[in-house]
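K.L.:
The chain contents come next:
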Amino acid sequence: MIIAEGKPIKDILAMIEPYDKIIVAGCKGCVTVCSTGGEKEVGILSSALRLARQTQGRQLEIKEVTLERQCDTEYLEPLREYIDSYPAVLSLACGAGIQFLAEKFRKHPVLPAVDTQFIGVTEEQGVWTERCQACGNCVLDQTGGICPVARCSKSLFNGPCGGSKNGKCEIDSQVDCGWQLIYDRLKELGQLEKLEVVMPVKSWSTSRDGGPRKRVREDLKI
Amino acid sequence: MKAGSNLEKILSSGQFAVTGELGPPKGADVSVIERKAKLLRGNVDSINVTDNQTAIVRMSSIAVSALLIRMGLEPNMQMVCRDRNRIAMQSDIFGAYALGIRNILCLSGDHQKFGNHPTAKNVFDLDSMQLLQTVKRMRDEHKVLGGDEIEGPPQMFIGAAANPFADPFEYRVIRLAKKVASGADFIQTQCIYDMGKFERFMQMVRERGLHQKVHILAGVTPLKSVGMAKYMKEKVAGMEVPDEIITRMKGAGKEKAREEGLNICVEQIQRLKQVEGVHGIHLMAIEWEDAVHTIVERAGLLPRPEA
Amino acid sequence: MEKFEPIVIAFCCHYCAYTAADLAGTMRLQYPSNVRIIRLPCTGKVDIRHLLEVFEKGADGAYVAGCLEGDCHFLKGNFRAKKRVALAKRILGDAGIGEDRLEMFNMSAAMGPRFAEVAREMTERIRKLGPSPIKKGKGAEPSAKGNGKNAGGMAQGMEPKAQSL
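Chains as they are written, first to last, in our numbering: chain A, 1 to 222; chain B, 1 to 307; chain C, 1 to 165.
Only chain A is shown next, with the shape it has when bound in the complex (with noise of 0.2 Å):
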C-alpha cells in the first residue's frame, strides 16, 4: 500500500492559517492501513488543531470525515453536498488522493496534511517499509523476488557495491543490503547462477523519469 506520515502539527497551523472552518477528511484506504490517515487520526489531528487554535484565541470548526478513497471520483461526490460551506479541505489522503479531490473540487484550496512517502508493506503492526518503486519495468522474477530499484540505495542491476558491510547497505546498519537479500534468496531458490549474467541496462522512460504515466484499458472505459 501507499505509505504516508502525518507532517508537523506546526506546518500543518500554517497552511490553515487563513481558515476558521475547515473540513478534515481522511482516507479508508491506504492511510488507514498505516494509521496515518484514517478516522482515527481524522479524530486526533482535528483535536490537535482546536485546541491549537484555542490557545490563540480563536476558534476553528471542522468538519471531521472519512472517505472510502479519495482515488475515485464516485467516492469524492459525497463531498459535493456540504463543501461549499467551507473555504478549503484539510486532506490525509495520500497525495493522489488529495490531488483528486482537488481537481474535483476546483473552487477549494485542498491542502495536504501528510506526506506521501512510498509503496510498502506492514512488517510488523506499527512499522512500514518501503518495497516497489513503480518503474514500470518488474525484474523480480531475476532476482528472487526482491526488487534492486527499491531496495538498494543506489538502485543497481548488478550488485552489491563494494559497501554493505554484514549485510546491511553503507547508509544506515538498519537498511539491509538489497543485493545480499537478492543473493541470500536466489540461493535458497538454488538460482544463484542468474548473478552470473549481466543484467542490462535499465530503460527509466518507464518510470518517472518518462514523464506522467497513463494506463488504459479500452474495454472497461465506458
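Hints were generated in silico from the structure; no laboratory data involved. No experiment lies behind these values; they were computed from the predicted model shown. Wrong hints could be hidden among the right ones.
[Claimed, not checked] When the alpha-carbon atoms are kept at most 30 Å apart in a straight line, the in silico DSS-like pairs for lysine-lysine are as follows:
id: 1; chain 1: B; residue 1: Lys235; chain 2: B; residue 2: Lys178
id: 2; chain 1: A; residue 1: Lys165; chain 2: B; residue 2: Lys250
id: 3; chain 1: A; residue 1: Lys187; chain 2: B; residue 2: Lys213
id: 4; chain 1: C; residue 1: Lys128; chain 2: A; residue 2: Lys10
id: 5; chain 1: C; residue 1: Lys83; chain 2: C; residue 2: Lys57
id: 6; chain 1: A; residue 1: Lys194; chain 2: B; residue 2: Lys250
id: 7; chain 1: C; residue 1: Lys135; chain 2: A; residue 2: Lys40
id: 8; chain 1: B; residue 1: Lys113; chain 2: A; residue 2: Lys7
id: 9; chain 1: B; residue 1: Lys136; chain 2: A; residue 2: Lys194
id: 10; chain 1: A; residue 1: Lys202; chain 2: B; residue 2: Lys121
id: 11; chain 1: C; residue 1: Lys3; chain 2: A; residue 2: Lys7
id: 12; chain 1: A; residue 1: Lys10; chain 2: B; residue 2: Lys113
id: 13; chain 1: B; residue 1: Lys121; chain 2: A; residue 2: Lys7
id: 14; chain 1: C; residue 1: Lys136; chain 2: A; residue 2: Lys63
id: 15; chain 1: A; residue 1: Lys10; chain 2: C; residue 2: Lys45
[What the hints assert, rightly or not] Here chain B is said to cover these stretches of chain A; the calculated rule only asks that three of the stretch's residues, wherever they fall, bring their Cβ under 8 Å from a Cβ of chain B:
id: 16; region: 80-87
id: 17; region: 144-157
id: 18; region: 161-168
id: 19; region: 173-187
[What the hints assert, rightly or not] Residues on chain B that point at chain A, a partial pick, calculated with CB under 10 Å:
id: 20; residue: Cys81
id: 21; residue: Arg84
id: 22; residue: Ser108
id: 23; residue: His111
id: 24; residue: Phe124
id: 25; residue: Met129
id: 26; residue: Gln130
id: 27; residue: Leu132
id: 28; residue: Gln133
id: 29; residue: Gly147
id: 30; residue: Asp148
id: 31; residue: Phe165
id: 32; residue: Glu170
id: 33; residue: Met239
Ideal Cβ positions, reconstructed from N, Cα and C, are used throughout, including at glycine.
Given chain A, put chains B and C in place with the hints provided.
P.N.:
Only chains B and C this time, still in chain A's reference frame:
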C-alpha cells in the same frame, strides 16, 4: 594495445605496476594538485583521480585529469555512477579522450548521504557493470549505448574496482568475473590488510582463470596511527583490518606509529608481489602523499619504467 | 484573589487504580476534589482521542492510572496506554497545550495512599501551570464545572463527542 597508455604498456609487458591516487581540491585551487602531483611524479606509473569521492564536491575528475596531462603525468580518470546519467557519462568520455586521457575507472560511487550534499538526487542511471559495458562498446564497436555511430571512438584502457572483503564473500569472485566479461582490462582492489583472506580470494580468482584475463592491482594504504587503523576497521564500509595490525600500531606508540605504518605497508607490498595474479599495486596514501616515495623506494619498486 | 482550582481528569483502570481510589476513600485519606475519575476496564482502553478530548472540553490536566508494569490484569494494557500517553503528550505539546499537563502513573489496588498522593501531586502541578491555554485567549469555551469527587462513570459535563460524518 587498446589505448597505448603508460599503464597499459607496463602491464602488458609483464612488469609490476604501481598506481597512485590524487584527491582533487574542494575548490578551483590548482596549487593543491600541483603539490600532490609533485610528490607522486616518478614514483608511480599513473595516478587515479577520484570523482567527488565520498560524495563531497571537489574539482571534477576530468578537469584534474586534464591538468595532470598538462603536467606530463598520466591520470586514471575515475567516473562514478552516482552523479551522471548515461548521456553525461558518454559525453564526458568523449571529452576525456579528446583531452588526452587514456585510462578510465568505472565505479558505483559512495552514496550521497556521506558527503556534503546529502539532500541531492542520486542518479545511478547505469551501474558500474553497465558503465564498463558502455565504455567497451564505445571503444570496440564505435557505438554509443543508444546505437548511433561515434565520430572518433575513444580508445580507453578500462578499469574497475573490486572489493575482496565486502559481503557476500563467496560472490565477490563471480562479480569480478562479470566485470571482466563486461569489459574491465584492469582491476584495482580496496586496500588490503588481511593478507590471508586476500590470498584466498586470489586463489578463487585463479581457479576461474581470471588472472589471465584481467590485470589485478592490489590496493595498499599506509596507516598513520592506531586511531586510523581502528577507524578503518569500524567505520569504513567493506574494509577488514585484522587485530594483529591494530596491536602492532598500538604497540608502536605515538612516536613510532608512522614508522610502523610504513613498515607494515612495505611488508604487505613484498607479500603481494609474491601472489600469483597480482600484477601491481594501487597505493592510496590518504592524506599522506609524501609517504609514497618512501614506500615505493623501500619496497624496491624504484625506478619506475620509462613511459 | 481567588485561588485557581484546576480540573483534573483521571482515567483509572477498574482493577488497580480505581480500587486504590476506593481504598483511599475507606481509609479516609484526603485528596483534592479537583480530580474527576473516569473508570475504565483497563487503561489499554484509553484512546488518544479521549486524552485530547478532555482538554477540548476544558480540563486543565489529566492522567492515566493503571496497574503496576507487569501486573496489568489484561497483561499488556498498561503498556499500550503508556505509549499512547507518550504520543498524546507530544501532540499536546505541538498544539500549544503543554506536554506536562498529561501524565501516566502506575499503582496496585492496595496502594490507597499512592492514589491520594498522585491526585495531590497532579493537582498541584496543574495549579502551578495555571489554567489550560485555551482559556486564556478570547472566544475560549467556558471551563466545564465539576462538583467534587465522582466515584464512578463519566465526570459531569464530559459527554462523549459524537463523531460527525
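K.L.:
Let me make sure I understand: some of the numbered hints might not hold for this structure. Which ones are they, in numerical order?
P.N.:
6, 11, 16, 21, 29, 30
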